[in-house]
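A.B. asks: The chain contents come next:
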Amino acid sequence: MLPAARGRLSEELFSALVANEPLAGRSFPQAESRDDEQIALWALYELHYRGFDELDADLEWDPDLLRVRRDLERSFEDRLRSWVSIPDAAGPVSEVIEKLIAVDDAPSIARFVQRRATGDQVRTVLRHRSIYHLKESDPVSWIVPRLDAGPKAALAGLQFDEYGSGQPSRLHHRLFAEGMRAAELDDTYGRYIDDAPVEILELNNAMSLFGLHRRWRGAGLGHLAVFEATSSIPSRQMAQGLRRLGFPEAVAHYYDEHVEADAVHEQLALRLICDVLVEEEPDQRDCVLFGAATCLELEARYARTVLGEWDAA
Amino acid sequence: MSADEPDVIMCPDGPMLLRGHHRVADESGDVFETERPFSAVCRCGKSATRPWCDGSHKLLRRTKPA
Numbered sequence: 001m002l003p004a005a006r007g008r009l010s011e012e013l014f015s016a017l018v019a020n021e022p023l024a025g026r027s028f029p030q031a032e033s034r035d036d037e038q039i040a041l042w043a044l045y046e047l048h049y050r051g052f053d054e055l056d057a058d059l060e061w062d063p064d065l066l067r068v069r070r071d072l073e074r075s076f077e078d079r080l081r082s083w084v085s086i087p088d089a090a091g092p093v094s095e096v097i098e099k100l101i102a103v104d105d106a107p108s109i110a111r112f113v114q115r116r117a118t119g120d121q122v123r124t125v126l127r128h129r130s131i132y133h134l135k136e137s138d139p140v141s142w143i144v145p146r147l148d149a150g151p152k153a154a155l156a157g158l159q160f161d162e163y164g165s166g167q168p169s170r171l172h173h174r175l176f177a178e179g180m181r182a183a184e185l186d187d188t189y190g191r192y193i194d195d196a197p198v199e200i201l202e203l204n205n206a207m208s209l210f211g212l213h214r215r216w217r218g219a220g221l222g223h224l225a226v227f228e229a230t231s232s233i234p235s236r237q238m239a240q241g242l243r244r245l246g247f248p249e250a251v252a253h254y255y256d257e258h259v260e261a262d263a264v265h266e267q268l269a270l271r272l273i274c275d276v277l278v279e280e281e282p283d284q285r286d287c288v289l290f291g292a293a294t295c296l297e298l299e300a301r302y303a304r305t306v307l308g309e310w311d312a313a
Numbered sequence: 001m002s003a004d005e006p007d008v009i010m011c012p013d014g015p016m017l018l019r020g021h022h023r024v025a026d027e028s029g030d031v032f033e034t035e036r037p038f039s040a041v042c043r044c045g046k047s048a049t050r051p052w053c054d055g056s057h058k059l060l061r062r063t064k065p066a
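One line per chain: the protein sequences are A and B, in this order. For the first sequence, UniProt numbering gives the first residue as 1, with consecutive numbering after it. For the second sequence, UniProt numbering gives the first residue as 1, with consecutive numbering after it.
Zero decoy hints are in this set.
Pairs of lysine-lysine, BS3-like flavour, derived with a Cα cap of 27 Å:
no. : chain 1 : residue 1 : chain 2 : residue 2
1   : B       : K58       : A       : K99
2   : A       : K135      : A       : K152
3   : A       : K152      : A       : K99
4   : B       : K58       : B       : K46
5   : A       : K99       : B       : K46
If you only want the chain B side, here are some residues facing chain A, beta carbon under 8 Å, derived:
no. : residue
6   : P15
7   : P37
8   : F38
9   : A40
10  : G55
11  : K58
Everything labelled a hint here was simulated from the structure, so no lab data went into it. What you are looking at is a predicted structure, and each value in this text was computed from that prediction instead of being measured. Using N, Cα and C, we set each Cβ at its ideal position, and we do this for glycine too.
Input sequences plus hints: build the corresponding full structure.
C.D. replies: Quick look at the structure:
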């Protein structure tokens with residue numbers, strides 16, 4: 001189901017899509033807020049993932065809709081550029097990314113979950129995270145055909161692990177779905193989109209933006225490196241918090257798996273993917289670092305929002 | 001395997017990365033089989049999931065550059 005509109009643009013856009021109105025020459029209002037822009041963009045990106053039952057599948061490549069999407073993307077890209085600066089540092093990108101992570105002073109949701117969060121607060125985080133975790137790794141799969149042999153082989157190895165090494169029962173988004181059901185949450189894809197704050201939409205849309213555009217492939221891989229390199233220890237803290245609160249083992253198991261898997265993926269993404277890509281294509285360096293810095297910035301914004309609401313930052 | 005494709009990679013201040021299938025014996029002689037396309041073996045001795053890395057090396061003081 002399409003999400004609820006969050007402003008004039010998403011209202012008119014979603015109505016036109018559901019009514020299957022002709023889109024040629026149709027103009028839509030400017031987004032009236034980040035929420036309005038991001039929910040419209042999220043819905044347009046979803047046409048490329050699982051689509052919506054009530055919409056015509058042909059809309060995925062409708063040129064008039066792609067034009068709407070491009071305008072939204074430009075506004076989003078401008079905002080990301082205003083939020084994120086590319087570090088001007090020498091040395092392998094893996095080292096620069098590790099330094100970016102080391103100086104990041106964002107509050108930690110995982111540490112809060114480990115020590116103090118209530119069950120309701122954890123369920124809120126799980127609902128927010130479900131928007132990504134139920135399609136975990138999918139945006140990165142689009143980058144594979146855009147790479148040369150070195151980074152491609154390493155990325156394919158990483159994705160194969162994310163996708164359960166051929167076993168559906170080990171596939172990461174399956175593990176998360178099982179955890180959600182065990183925690184008595186609805187594991188239907190996209191079910192909690194209307195609960196997602198704009199920061200969650202921005203996190204998800206940045207990954208889709210980087211995955212869908214060849215010109216952003218370096219950013220997609222820099223984002224991946226930060227995502228993986230900031231996962232092992234927080235995943236252990238999440239698992240400890242879930243056990244402290246008596247959540248079912250299936251939920252904690254999802255995070256246990258990420259402690260070990262992401263300790264591997266971090267090294268793969270930094271050394272065998274990002275470093276090799278930049279060695280082979282030096283003009284990708286700034287793009288990789290932009291993606292890395294974007295991941296940190298958007299995660300920090302989400303953490304400040306959600307912890308701020310709980311007076312826990 | 002070409003010379004620039006090692007199957008064992010030492011990560012700076014981090015684990016030993018293995019490509020492909022390996023059997024790893026720990027300090028007590030217990031043997032663990034890799035289950036992933038790539039695996040990371042703990043080198044700092046602090047991992048709770050040894051012989052595999054769990055990122056604990058990052059909680060240790062970073063080695064100073066030579």
